[in-house]
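Starting from the structure of chain A, add chain B where the hints point.
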Amino acid sequence: MKRDIILAGVGGQGILSIATVIGDAALNEGLYLKQAEVHGMSQRGGDVQSNLRLSSEPIYSDLIPKGGADLIISLEPMEALRYLPYLKEDGWIVTSSKPFVNIPNYPEIENVLAHVKAIKNHVLIDVDALAKEAGAPAQAANMVLLGAAIPMLGIDHDKIVEGVKRIFARKGEAIVAANLAAIEAGYSASKL
Amino acid sequence: MKHLLLGDEAIAQGAIDAGLSGVYAYPGTPSTEITEYIQLSEKRNALSAGLENGADSAYSLEVKGKIFCQWATNEKTAMEGALGMSYMGKRALVCMKHVGMNVCADAFMNAAITGVNGGLVVVAADDPSMHSSQNEQDSRFYAKFAMIPCLEPSNQQEAYDMMHYAFDLSESLRTPILFRVTTRMAHSRAIVETIDTPREQNTLSSPENTNHFILLPAFARKNYAELVEAQADFVQTSEESLYNTYTKGIQPKKAIVTTGIAYNYLMECLENGAKSAYSLAFREASILKIAQYPLPKALIEQMVADGAEEILVMEEGQPVVEELIRGMVPSTVVVKGRLTGDLPRMGELTPDCVVDSLQLTVDRGQLTVPELVVGRPPALCQGCGHRDMYAALNEVAAEHEGAKIFGDIGCYTLGALSPFHAIHACVEMGASITMAKGAADAGQFPSFAVIGDSTFTHSGMTGLLDCVNSKANVVVLISDNLTTGMTGGQDSAGTGRLEAICLGLGVEPEHVRVVVPLPKNMEEIKQVLREEVAYNGTSVVIARRECIQTLKRHLKAKK
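Protein chains in written order, with our numbering: chain A, 774 to 965; chain B, 36 to 594.
What the hints contain is simulated information worked out from the structure, not anything from laboratory work.
Keep in mind that this is a model prediction, so the values were computed, not measured.
Careful, some of the hints might be misleading.
[As the list claims (entries may be wrong)] For lysine-lysine, the following DSSO-like pairs were computed, each having C-alpha atoms within a straight-line distance of at most 27 Å:
#1 B:K587 / A:K938
#2 B:K587 / A:K944
#3 A:K964 / A:K905
[As the list claims (entries may be wrong)] Footprint (simulated), chain A over chain B, 3 or more residues, beta carbon under 8 Å:
#4 220-230
#5 294-305
#6 387-401
#7 412-423
We put the beta carbon where it would ideally sit given N, CA and C, even for glycine.
So that you can see chain A by itself, here it is in the shape it has in the complex (with noise of 0.2 Å):
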């Protein structure tokens, strides 16, 4: 099993957290895993990113390689353009379909999503009207990602889910619930 992943999203939105779960899981699993963060200055509105790879075998490198990644996962859709050149031809992209606008010159936002829908395996949902419907706060919105993402992790549903559940424990049990709602309407989004 391995797994070469690109989590995308503009400082503040909250990939770290979809990161720590996924993590939380491989480690259960007694997976190898490597994760990259942006730290600091970038952190600001920008632009951030995360490398996580995940695998059965020793891990060496912790960046992934161009053309080497399985999944890009991204709060954001400009942001998931911006790795293309490292997704693997027939690799996936996940991504929230609303745009993040607080920079004067954002994209048209149809001729962005029409980059996504140009490739060939794409999951495009809005997270945060999803998070909505499933009665989940705003901010449980990069857990209904994950939930889409589930299906090309390699880590199966039920242990994604357990990992939400020791993560979010000390926030206590509505918290919990909130993200695992969130966790499910993203999966059955994904699976449509």
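Same frame as chain A, but now just chain B:
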């Protein structure tokens, strides 16, 4: 026990488990998380021991096993504090980003001359590619400059293991050890196996010979002679180190030297090579993996004796090893690396540039970044006080043609970008005040400095004293958000005392002004700035409002 740890956290846990007594540091990306981890660990220990204020209360030697972990005012005070703890026989750690080495260089260089009593390890976190820095200087030069050993772990597990080794080595060789990491090590998580029982802390003990710590020329000459003599031991220790390994290849005409994490990129290529059509020549080359300096001379000589005709050096940072090896091998041996263009001259290594340096062809995938994708630079947070400060300053500055605003290091450096385009310089910690002074000395009017509260106490106070002494015609804006914001909100050394500090340095009381940077106060702030521009002398305007990120956290904690 197995844990998922950042490189920085592995270093911190390694130091704790090695019997650390104190960590001395100033925040700086990518080193900040080392000290934060130790602070959190101390807080947990205190809570479980039933001490309510825990790590926040003053450090007390009577509390067994307690680790001193308060932030220092700057890297120089940190280095000196650690040297003092080492003097008393205990193990001390200093952490900083690479440019912090410049700030503590005086203490660092001379600690090499005094030597140590308790183990003293200095972590320098370099930032090749300048993810969050103004240069990509390589701290290994400092180890060579000071003539002390340097360790450079290749992965998170090694970072953990080598911290214990570093303290032991420091005590056995009686020297400080430089522990060099780079961004990708510091900020990448991996599974790390830790020991169950930490080593006990050292007990309090004075140095055997205090003359060693009195650097009068007569004593210093003797110490320096000892340090020069110890160089051979340092080289031998490197040659015998378990962390430096040489493997003779099946095709030993080609050899590859890696330092630190470069080894991982090489192994990534070689492992994948089994599946792709990689060149056999390099897969079967000799490999020298270096994680300890000075360079292991005997291993390099062995590599040449085994027939190496072409040596490719892969190192993160500047071409330090590449240059050194050129001087150690016969001129017939070709040495390649960053200087020859086989690897990029600047920037961090990647699996991709390492593949290229091995002249391998790989399938890289065909996808490119669509043209419509635009950059998304970082920006000041919405609602941040720095924004209101710049809005007012820009308006007042615009009233004078050619006004100059000298910036400094912090979130507010982002004032250089859209929409403010406010600052005209940003060089290093504290330079805003002294450069504004120099410009005023040259005849510039008006001359503004913009500096954050933490940067002001780090390196701005002495510059302000220069201004006061020559009655320099400058307006110094201290944008006080009550924290060290850019690195994530650590304590700021002067919080609550900035006015007292400025008055103590001799700024006239009527020219130490305080404003609250909020849109509703815009007219008042501009008026204060105009009055201080009109004053022919040194003014300080403190724009004070809590960082909205730490405010959010404080409000959440109260709930």
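Here is what the structure says about each hint:
1. B:K587 / A:K938: This hinted pair holds, its Cα atoms lying about 25 Å apart.
2. B:K587 / A:K944: holds, 17 Å
3. A:K964 / A:K905: Answer holds: K964 of chain A to K905 of chain A is near 19 Å, not above 27 Å.
4. 220-230: holds (count 6)
5. 294-305: Satisfied; 6 residues make the cut.
6. 387-401: holds (count 7)
7. 412-423: holds (count 5)
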